[in-house]
Structure formats: structure tokens, C-alpha cells
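When we follow this note's numbering, the leftmost residue of the sequence shown carries the number 10, and every step to the right adds one.
Among the hints, erroneous ones may be present.
[As the list claims (entries may be wrong)] Here are the simulated DSS-like pairs of lysine-lysine, each with C-alpha atoms no more than 25 Å apart in a straight line:
1) K136 with K118
2) K109 with K135
3) K155 with K126
4) K118 with K180
[As the list claims (entries may be wrong)] Beta-carbon label-pair distances, calculated as ranges:
5) V32 with E120: 30 to 38 Å
6) R106 with L17: 54 to 62 Å
7) V81 with Q20: 28 to 36 Å
8) I185 with Q152: 45 to 53 Å
9) V32 with V93: 22 to 30 Å
10) D134 with I205: 49 to 57 Å
11) Y52 with T31: 30 to 38 Å
12) K114 with Y151: 27 to 35 Å
Everything labelled a hint here was simulated from the structure, so no lab data went into it.
Just so you know, even glycine gets a beta-carbon here, dropped at the ideal spot from N, CA and C.
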Amino acid sequence: MDIVQEVLQKQKKDLEKYKPITVEKHLEVTVDVGHLMATDPNYFDDDLFKKDQEQYLMDLTRDNTQLLINAVWELPTEREEEAVVAKMPAPKTALPRARKLPVPKPLTKWEEIAKAKGIKKRVRDKKVYDEVLDKWVPTYGYQRFKAEKEKDWVLEVPQNADPNKDMFQEKRDLRIDRIAKNEIARMRNIARAKKIQTPRTGFLGPDAASARELVTAANVAKASTASVGKF
Numbered sequence: 010m011d012i013v014q015e016v017l018q019k020q021k022k023d024l025e026k027y028k029p030i031t032v033e034k035h036l037e038v039t040v041d042v043g044h045l046m047a048t049d050p051n052y053f054d055d056d057l058f059k060k061d062q063e064q065y066l067m068d069l070t071r072d073n074t075q076l077l078i079n080a081v082w083e084l085p086t087e088r089e090e091e092a093v094v095a096k097m098p099a100p101k102t103a104l105p106r107a108r109k110l111p112v113p114k115p116l117t118k119w120e121e122i123a124k125a126k127g128i129k130k131r132v133r134d135k136k137v138y139d140e141v142l143d144k145w146v147p148t149y150g151y152q153r154f155k156a157e158k159e160k161d162w163v164l165e166v167p168q169n170a171d172p173n174k175d176m177f178q179e180k181r182d183l184r185i186d187r188i189a190k191n192e193i194a195r196m197r198n199i200a201r202a203k204k205i206q207t208p209r210t211g212f213l214g215p216d217a218a219s220a221r222e223l224v225t226a227a228n229v230a231k232a233s234t235a236s237v238g239k240f
């Protein structure tokens with residue numbers, strides 16, 4: 010009989026280690042399974058907290074976690090291959106963001122024109138077949154430039170051009186000018202999209218400048234002297 014009592018007492022002590030899955034609270038705990046979050050509106054007992062902080066917080070955390078786990082176990086389940094999974098619902102609580110919502114990138118002038126006219130961006134092929142070289146050459150990049158040099162190994166000199174002029178150098182200069190103008194246009198589009206005023210930097214040349222640009226360039230040059238234009 011003593012052996013039976015010892016076994017029962019031992020079993021009772023073992024059961025005391027594990028608390029029941031049912032938790033009773035005065036106010037209902039709000040459980041958001043989508044965020045795996047539980048909000049407890051019940052009174053925080055300062056006396057019990059001061060008496061034993063760790064034990065009070067551990068018991069409080071255990072009870073709220075048990076309620077959250079109970080809500081997870083109530084979710085509908087389905088079998089995926091060899092596992093049983095539960096589909097999580099959408100979150101209910103709107104959490105504050107650490108950063109503001111991303112602002113859409115402003116359109117450039119060309120993008121605004123393309124959107125208004127319904128022009129869609131065409132994907133360029135990476136390589137095209139060159140009939141002169143009889144091979145596939147890249148559409149862009151330094152390999153494309155090398156292919157152009159290989160193809161244009163001779164250039165025709167116009168009748169009214171200087172015979173001593175280097176046509177290859179002129180072609181390179183035109184290409185550099187074209188790249189520079191495209192870069193200036195790109196930077197202006199970015200400044201226009203971000204509503205940034207571009208600085209007055211003079212004019213490109215007397216042939217391409219208007220009367221207003223010439224006056225602006227003269228005023229800037231006048232104010233750029235050591236005496237700030239007084240002498």
C-alpha cells in the first residue's frame with residue numbers, strides 16, 4: 010500500500026510541473042494570429058511584481074503564450090506532401106512602420122511624353138547580325154565600338170572637305186560630343202523631375218546660344234571677377 014501511495018504522490022508531483030492549457034482571465038486577451046501577437050488588457054499587479062519579478066513575468070508570459078498557441082491550434086489544417094500545415098490568417102493589427110512608405114519615382118520628361126502618347130519601351134537585342142563583317146556583333150558596349158572600328162577601316166572624304174583633315178578623328182570628336190550632349194540632357198531631365206534649379210554655367214558656343222543666354226553668360230562672367238564686377 011505504501012508503494013502505491015508513493016507512486017501516486019510522484020505522479021501528482023510530475024503533473025504539478027505542467028500547467029493546464031486552459032487559462033482564465035478577467036478580461037479577454039486579444040489574439041492576432043496573423044502577427045502571432047497577444048495583447049493582454051488585464052490589470053498589472055504591482056504587488057506581485059515587486060514580490061518576485063521573474064516569477065510574475067514568467068507566469069504572465071506563459072499564460073498569454075498558452076492562449077496564443079490555443080488559437081494557432083484552432084486554425085484549419087491541410088496536408089502538404091508528408092506534413093500537416095495550418096494556413097495563417099491575415100493580420101488584424103496595423104503595426105506602425107519604422108520608415109515612411111516609399112514614394113514613387115518622379116517621371117522624366119521623356120517618360121511623361123511616352124506615357125501620354127502610349128509609347129512602350131522596346132527591348133533591344135543584345136546582338137545583331139552585321140552583313141559587312143559577316144558575324145554577330147553586340148548592340149552596345151565597347152565590343153560594339155570595336156566592331157564599328159573594324160567595319161569602318163576606310164572613310165570617304167567629301168569633295169568640299171580638307172584632304173589633310175583626319176576623318177577618323179572628326180568621327181571620334183562627333184561621337185564624344187554626342188555622348189556629352191546626351192549626358193547633359195539626362196542630367197537636366199533628372200533635375201527637372203526632382204524640381205532642382207540648374208546653375209547658370211554660361212553657354213555652349215556663340216552659334217548655339219541665344220541672345221538671352223549671351224547676356225546671362227556676360228553677367229555671370231562680370232560677377233565672377235575679384236572685384237565682383239565693380240571695376
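Hint check results:
1. K136 with K118: violated (29 Å)
2. K109 with K135: violated (38 Å)
3. K155 with K126: violated (36 Å)
4. K118 with K180: violated (30 Å)
5. V32 with E120: 30 to 38 Å: Given a distance of about 58 Å, which is not inside 30 to 38 Å, the answer is violated.
6. R106 with L17: 54 to 62 Å: holds (57 Å)
7. V81 with Q20: 28 to 36 Å: holds (29 Å)
8. I185 with Q152: 45 to 53 Å: violated (19 Å)
9. V32 with V93: 22 to 30 Å: holds (25 Å)
10. D134 with I205: 49 to 57 Å: Roughly 36 Å apart at Cβ, these two residues miss the hinted range, so it is violated.
11. Y52 with T31: 30 to 38 Å: The hint (30 to 38 Å, Cβ to Cβ) is violated, given that Y52 and T31 are roughly 20 Å apart.
12. K114 with Y151: 27 to 35 Å: Holds - the Cβ-Cβ distance for K114 and Y151, about 29 Å, lies within 27 to 35 Å.
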